[in-house]
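Undergrad: Each chain, letter by letter, is given below.
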Amino acid sequence: MNTKQRNNRFSKKGHPNKSMLKHAFKESFLKLDPRNMIKNPIIFLVEIGFFITFILAIFPDAFGNSNVEYWFNIDVSCILLLTVLFANFAEAIAEGRGKAQADSLKKSKIETMANLIKGLGQIDIVPSTKLKKGDVVLVSQGEIIPGDGEVIEGLASIDESAITGESAPVIKEAGGDFNSVTGGTRVVSDQIKVRISNNPGESFIDQMISLVEGAKRQKTPNEIALNTVLISLTLIFLLVVVTLPFFTNYLGFQLEIPVLISLLVCLIPTTIGGLLSAIGIAGMDRVTQFNVLAMSGKAVEAAGDINTIILDKTGTITYGNRMASSFTPLMEMPKEEFLNWVSLSSLKDETPEGRSVLQLIGQLGGTIDEKDLENAKIFEFKAETRMSGVDLQSGRKIRKGAVDAVKEWVLEQNGTIPANLDSETMVISKEGGTPLALAVDHQIIGLIYLKDTVKPGMKERFEQLRQMGIKTVMCTGDNPLTAATIAREAGVDEFIAECKPEDKIRVIRYEQGQGKLVAMTGDGTNDAPALAQADVGLAMNSGTSSAKEAANMVDLDSNPTKLIEVVAIGKQLLMTRGSLTTFSIANDVAKYFAIIPAMFMEAIPKIKILNLMHLYSPISAILSALIFNAIIIPLLIPLAMKGVTYKPLNSNSLLKRNLLIYGLGGVIVPFIGIKVIDLIVSLFI
Amino acid sequence: MKEVRNLFIPIIRMSLIILLLCGLLYPLVSTGIANVLMPEKAEGSLINNKKGEIIGSKLIGQNFTSPIFFHGRISSIGDNAASSGSTNYAPSNPNMIKRVKQSILDLKKQNPSIQVNKIPIDLITNSGSGLDPDISLQAALIQVNRISNETGIDKIVLEKLVKKHIEGRQLGIFGEEHVNVLKINLDLFKLMNK
Amino acid sequence: MIYTILTIIIALFIIVIVAKPFGHYLAIVFDYETVSFKKTIYPVERIIYRLSGIKQNTQTWKQYALAFILTNGFMMILIYLIFRLQDILPFNPNNLKALEPTLAYHTAVSFITNTNQQHYSGENNLSYFSQMAGVIFAMFAAPASALSISFAFMRGLSGKAFGNFFVDFVRAITRVLLPIAFIMGFVFVFLGAPETLGPSVIAHTIEGAKQEIARGPIGAFLSIKELGNNGGGFFGANSAHPFENPNGISNFIQIILMFLLPTSLPFTYGKIIGKKKQGKTLFIAMLMMFLIILGITLVSEYQGNPDINSLLSQNTHGSMEGKEVRIGIGQSAFYSVVTSATETGAVNNMHDTLTPIGGMMVLCNLLLNTVFGGVGAGFINIMMYAIIAVFLSGLMVGRTPEFLGKKIEGKEMKLIAVTLLMQPFLILVFSAIALWFPMGYHSISNEGYHGISQIIYEYTSAAANNGSGFEGLKDQTPFWNITTSIVMYLGRYFSLITMLAVAGSLSTKKLVPESSGTFQTDTAIFGMILLGTIFIVGALTFFPTLVLGPVAEYLTL
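Protein chains in written order, with our numbering: chain C, 1 to 685; chain B, 1 to 194; chain X, 1 to 557.
The following block holds chain C by itself, in its conformation from the complex (with noise of 0.2 Å):
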């Protein structure tokens, strides 16, 4: 199923609208309290010179003689307070994206009332917001579920769309995998106890809402190793304009406070500076606009550093419904009789294998006939077993199941096993399918061929993620022979079959042992241990509360294959970050040749050589590199919302690529932008 086409809750209110911008407006000035810019020391260095160029423009003379008009000190100190809250609307913006998805995500948080079990069968009504971890809460048909627990008894289907968006309701029932439910969630038919899993405030929505707000927001570690170089390069050109005026006092010439404020804030990075934060941010978002909810921007990040993903074959590489797509009979026996014992084998079988066997019957021209199976005991499907069964009213037994185990219960009948089982079974586990044997009674008498059919496209992502350097590892309960078809049909680079929950904990650990880092999905309790000990886990929301406690991801559509675009958004991410640094860093080339020659050209004319872009004049060069440095800010935030265009290739095309659109880009960009700006300066001037 293609994830695009679901009804995303998020992506309506994933662009800009009126009101968030106007709020993002807001936000923009609000934010230019010093106390706030200081965590953001580089635009918090071009507010100061903002004050400074600010008191110039009131008193020209404040900081000793000045020979600047002072409509340049206005000018300067207006580019520099633009600057800021460009810088400022770019943050404000990301985290009103994040808002918004806050605010759909409390819309499913509506306070309802919850009827909390106490002790002896007594009921009591208590708001919502009242619950404690443990409590027991007895929801009926039509209710609101009032908070994540766990279903302790009965069997409801509950409506998740305000959650997932998908208007089919699921079952939840009492123990096994599918027992967690969600609060703000429905029941639409029948009656739950729920265990309350978390106090109020602590709810898995209630984190996920502080995490896109940003509230919560913490610099990742990567964040704070590009912020260590960032700082350390503002504080080197710090160095370099606050050391100017005593050469050029040397030289018997002064540099105007205002122009060398201006040199500063071209030259340290504020492009990246403030979009940095917006960039996390929408990282963040786009992962909650897939429908994903991410526990830490760390996690989103690790996921880009992947380098093994381990798949789930059911449901995530194959379509997981297996289908009967041929029968073998393995003793002779008239057609009519033989497709007879496999309907009665099958006919109250409710798995999808099941179904599709009574379809093939149907297909073959056999008939089904319900008769037999009158008073006849049912044995449903069971793991232990690995077999479902019915024994009939006439006292014969009917087996179905995996092929060692039905060969088991037939030896144990004292029966035997034809000669050919071994041959066939290979043939069609060879062939990527999965065998079922049918016994009846003491013998078996056929085969049931269940083919498993790859989604399509699978095979050309898994291509992609091996350009990325990303190894993907099937886990199948498989035998070995039908899990190495499937894997090759998928193209998948490792597989693991006959898999137990602690086998992938072993090849998360081994794959972890070598350095490198592991993602997994993952839904049922025993999946948990492993999702916690993968650098990346995401769990399904359909899957227990102890699976989506134990993944720092969680999938609201339960779809397995988004972890591939949770790795590429987590690539994007970091790429993003990479290449506007890179482009902020590539202008100080172009800044340079428009402010240098301005500043030294009155004392030393045939600088004016310099003027590589015959900028109209020292003044206009100046504010036109400093509005170049303003306006690229907002111009760039679309760009560091979306992210740059993430292509699937390997590491060498992505740096050509990137380098040559945001490192030469970044050189040449501005060359142009200046000229242009100060071609429209210069008729004002």
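Don't read these hints as lab results, they were simulated from the structure.
Please note that a few of the clues may not be correct.
Capping the alpha-carbon separation at 30 Å, the derived lysine-lysine pairs in DSSO-like fashion look like this [said to hold, decoys possible]:
1. K39(C) to K160(X)
2. K414(X) to K219(C)
3. K210(X) to K190(B)
4. K516(C) to K160(X)
5. K411(X) to K656(C)
6. K210(X) to K164(B)
7. K455(C) to K500(C)
Got chain C; can you put chains B and X on it based on the hints?
TA: This is chains B and X only, laid out in the frame that chain C set:
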């Protein structure tokens, strides 16, 4: 701190041993061997006159002022080989331009026949060491007229002398062609005393 | 000019041929597992170890760094004492006085930090004992220390144990520096460099004047001066002095010796980390910077000084001021670029007298400190830029940056950030101080724009541990002695220790296996990114200063 103390023993002893090995043994042994193998060069390529007095080193320039000799390059230290160095005039230093102008005037006065655009640059610039023993071929040739006038030695003889003293590039590649002023003047001195 | 180009081609050809095998030789002789020289050098080393009380245990990076700092500190004290006591020590035939305290301190710091900045004139101030036990000793100790550190650094990067500083130090001397210096010393004597302990001689010239000729044990001095990228001259005029550079071929050999260790280390690195191509990439990147700088310098020097050209009404001479006839303009310029690229600091012509652009190029070599760079230190510096380049390009391919399979994270970037900050801090802040106080700017000998160049050059040379100077600067004053000592000291030890700490931090990290998503650091594209990073992060910082100094001088000439 115990760690630091443990370090002190090797630090002190090793430093002293390396000082003995590299600071004394190495140069002293080298000096000893060099003086046995190449005594003339090891002593500084000194030139003695017949009386056994040292009259200079082949490698060290001397400040010839008399018009009868070939003159070397400008030396800010007067070719005092007890020290070395130059005035380190930057290209933009006005004093250098003044000095160059003066040199050109002096050269024209001493050698009236030369044209300004034929003056070789090495004659009007300070050498790096202040002890440059060499001049370019051109710098030697423009002095021939003056020396011929002053000494009465035929110009052709002098030109031959200059040609004889051209020291080419090492292995035909390294360095520049030059004339050693002390060596040519010694030969010139012999010619005069004939 | 054609001969200069030929010289350059031959020199580079020799380097390209020799650097790789010599680099591999270094990797082998410093390896703790292979035992070479069982018969010849091994016994000598064993004696040194035993006499010194060296236990050949493995050190952590912190112990290694501590041993390095303390050893250098102790040696500095020894050298200081020698300079201070030279009047009562032997081998002082010219009866020279002791150095004054700040000068002795400056000189001691200068030599032990591999800088060899000289605020004295060798022939006038140092006795032969000081030249040998002080200077020659330091000329072995400083490069041996840096070589050791660079090996510890490379081992750390490759995930091996850091080794033992004392063992590495002794090996650097016994297996690399001493044998080569010993042989090359005789070559220089053969070419004309004196090697004597006799006093100055008085020559009676044929014009009847007296000429005092200073001499000394120069051959042995010269070989280690160049090989160890030391560069301090026996004489004040350094390798412009005919005794210290008798002819074109001695000039050429000095160039090769300066090049030898810095060009070999990238290949050593490639071998130690097991990725030879990576070493080659670094070598080519550095060579490209070198060729660009060399090209511009040559053009500028051959164009000469327009003012002089106009006085002579011709313009084909080139700049001969401060250069020697036997070496010529081109090979002097070549030497200047090599001595600055390799942070040697020996000069065969006066850098103060270089044309503005020629001087700026030489200054750029010092500012970048990555065009091969001094033995060990330069290599470590380029590795710093390499890590920054890896960081940026790693982000650009969408992965947490990895260098040699180790993740580069906050801790490493913090260390690199302060290292990166140190150099402009030392150069710009101290230059500003010198330009502010009369004690500083009164030493300027060429007023105006060139004055700025002189001061910037002095501190850059100190920070980069080069040691050459725009020697017109009258720097033999307590102000200059003390400020440049601080700059040399921090320029040397700060970055070596922080980078060793980076290696220490990386060495503890898990190795991330390579995949096609890993950013490759041995490709041409990485070489280009490295150059871009050096240009934008390293060089652009100094653009305003260069404009006010050499560029303004050039434009107003």
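Undergrad: Look at each hint and say if it fits the structure.
TA: Against the structure, the hints come out as follows:
1. A distance of roughly 39 Å separates the Cα atoms of K39(C) and K160(X); the hinted pair therefore is violated under the 30 Å criterion.
2. Of the pairs offered as hints, the one joining K414(X) and K219(C) holds, with about 15 Å between alpha carbons and a cut-off of 30 Å not exceeded.
3. Using a Cα cut-off of 30 Å, the hinted pair K210(X) and K190(B) holds, with the two alpha carbons roughly 20 Å apart.
4. A threshold of 30 Å between alpha carbons decides the hint, and for K516(C) with K160(X) the separation of about 20 Å falls inside it, so the pair holds.
5. Of the supplied pair hints, the one linking K411(X) and K656(C) holds, its CA atoms being roughly 28 Å apart against a limit of 30 Å.
6. A hinted pair counts as satisfied when its Cα atoms are at most 30 Å apart, and K210(X) with K164(B) qualifies at roughly 28 Å.
7. Under the criterion of a C-alpha separation no larger than 30 Å, the hint pairing K455(C) with K500(C) is consistent with the structure, at around 23 Å.
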